[in-house]
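Protein chains in written order, with our numbering: chain A, 1050 to 1280; chain B, 1050 to 1280.
By construction, these hints were calculated from the structure, which means they are not laboratory data.
There could be a bad hint or two in this list.
To be verified - As a list, the in silico BS3-like pairs of lysine-lysine whose alpha-carbon atoms are at most 30 Å apart:
no., chain 1, residue 1, chain 2, residue 2
1, A, K1173, A, K1183
2, A, K1125, B, K1276
3, A, K1075, B, K1125
4, A, K1183, B, K1075
5, B, K1075, A, K1125
To be verified - Example chain B residues on the side facing chain A (calculated, C-beta under 7 Å, incomplete):
no., residue
6, P1098
7, L1112
8, F1121
9, E1124
10, K1125
11, W1144
12, E1147
13, V1167
14, V1181
15, Y1195
16, R1222
The beta carbon of each residue, even a glycine, is placed where N, CA and C say it ideally should be.
2 protein chains.
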Amino acid sequence: MKDEITIIGTPISPYVRKVLAILDIKGVPFRCHPQIPFLGDDDFTRISPLRRIPVLRIGDFTLPDSTVIAQFLEEKFPETPLYPGDIEARARARWFEEYADDHLGRNVLFPLFFQRRVRPVVLKEPTDEAIVDKAINEDMPKVLDYLETEVPDDGYLCGTLSVGDIAIGSIMRNAFWADWALDASRWPRVAAYLGRLYSEPAIARLNKLAESMLGTSPKEHPAIVEKYFAA
Amino acid sequence: MKDEITIIGTPISPYVRKVLAILDIKGVPFRCHPQIPFLGDDDFTRISPLRRIPVLRIGDFTLPDSTVIAQFLEEKFPETPLYPGDIEARARARWFEEYADDHLGRNVLFPLFFQRRVRPVVLKEPTDEAIVDKAINEDMPKVLDYLETEVPDDGYLCGTLSVGDIAIGSIMRNAFWADWALDASRWPRVAAYLGRLYSEPAIARLNKLAESMLGTSPKEHPAIVEKYFAA
Chain A
1050 MKDEITIIGT
1060 PISPYVRKVL
1070 AILDIKGVPF
1080 RCHPQIPFLG
1090 DDDFTRISPL
1100 RRIPVLRIGD
1110 FTLPDSTVIA
1120 QFLEEKFPET
1130 PLYPGDIEAR
1140 ARARWFEEYA
1150 DDHLGRNVLF
1160 PLFFQRRVRP
1170 VVLKEPTDEA
1180 IVDKAINEDM
1190 PKVLDYLETE
1200 VPDDGYLCGT
1210 LSVGDIAIGS
1220 IMRNAFWADW
1230 ALDASRWPRV
1240 AAYLGRLYSE
1250 PAIARLNKLA
1260 ESMLGTSPKE
1270 HPAIVEKYFA
1280 A
Chain B
1050 MKDEITIIGT
1060 PISPYVRKVL
1070 AILDIKGVPF
1080 RCHPQIPFLG
1090 DDDFTRISPL
1100 RRIPVLRIGD
1110 FTLPDSTVIA
1120 QFLEEKFPET
1130 PLYPGDIEAR
1140 ARARWFEEYA
1150 DDHLGRNVLF
1160 PLFFQRRVRP
1170 VVLKEPTDEA
1180 IVDKAINEDM
1190 PKVLDYLETE
1200 VPDDGYLCGT
1210 LSVGDIAIGS
1220 IMRNAFWADW
1230 ALDASRWPRV
1240 AAYLGRLYSE
1250 PAIARLNKLA
1260 ESMLGTSPKE
1270 HPAIVEKYFA
1280 A
């Protein structure tokens, strides 16, 4: 189909799940091609110059970067908005998205996930426990202290569910998959907030899909993803 | 004045200049407090959790992150748009902004600028020539090869001047200040494109301001900036 939307990128990536969640919540049909970035060829570099996932494809139009894609989807499919209506609240939602994707994703989650899952499982190398220790005991607590002051008692960071919440929930989920545990007695508001987020039907579905892919061979992923979205 | 806009951050930063250029082009009055991020105190961390510049302040509302601020300014001051009207072109402009700010800024410009200007001038340490060599001879050529295929013969990346062009021009300018030279025979389209960008009055003004600050003491910066914008 000419205008069919394809998201290129494995749902194990929190950045891919962010975009898939937005499509699902908006009720927009899509296909997912579960690309793993370091297995991509030159064609992949052409559509994603930094070799990152996700990439969106509609006909001949391709677009990299989860934040750029999320904003594009909001403008193309404005129903069920995931950006607040108020200009200041919208800016805050984008800030939380940036904070999640950039700082929390790159500086906290990536070292943890890479050391605990990619190195031992994919690369058959030992985990560097000093890096894990820094991520869990130094960097993650600072993030949680910040979020604990920002998340409300009820609902979401900027009113109704927004792209900022989806981004934070996606990154955090991968930390759990790297055998990290949240101390709910130290950060009770964050714990309750993540509980609300992970009960959102679209997010729960995508987390379940990604969990079913963890530890399986990349060769099996296209079939797993196709079967999942066909169901 | 209650609704006066203050941009916190030194104009030597390409991210600060991006936001100042947008305000200038839109004709929005503003003040600039030339904060240097690593000299900020706890109050600065509170308004900029990642201790980055720029931060926007309007009354009690503060907002970090140049990309988030740029989009906020576009929505608050829609006249003289700096985001294309077409949804796909707008997404492309945001992609170029992301490519500039994130990859070009963080992975190419920062190592170069830090080694050639911050280490010898501010920290009184020797430059690591291996890092400079990689930035200039490996990473920057890849960026320029990519841009050479993307920039048009005339005009800008996504039609009229957009946030994507402003971001690219800002980052590149700091590379010139780190004694980098563009080989215009190898990348002629990029050279002509940057020439067009640096002739834009708002961008030319801000570059001149930043150049007048290079090599001066941070203590002198508030007076230089105040005098400049009062003129």
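Comparing the hints with the structure gives:
no.: 1; hint: A:K1173 <-> A:K1183; verdict: 22 Å, holds
no.: 2; hint: A:K1125 <-> B:K1276; verdict: 45 Å, violated
no.: 3; hint: A:K1075 <-> B:K1125; verdict: 26 Å, holds
no.: 4; hint: A:K1183 <-> B:K1075; verdict: 44 Å, violated
no.: 5; hint: B:K1075 <-> A:K1125; verdict: 26 Å, holds
no.: 6; hint: P1098; verdict: 6 Å, holds
no.: 7; hint: L1112; verdict: 5 Å, holds
no.: 8; hint: F1121; verdict: 4 Å, holds
no.: 9; hint: E1124; verdict: 5 Å, holds
no.: 10; hint: K1125; verdict: 6 Å, holds
no.: 11; hint: W1144; verdict: 5 Å, holds
no.: 12; hint: E1147; verdict: 5 Å, holds
no.: 13; hint: V1167; verdict: 21 Å, violated
no.: 14; hint: V1181; verdict: 22 Å, violated
no.: 15; hint: Y1195; verdict: 6 Å, holds
no.: 16; hint: R1222; verdict: 21 Å, violated
The structure shown violates the earlier hints numbered 2, 4, 13, 14 and 16.
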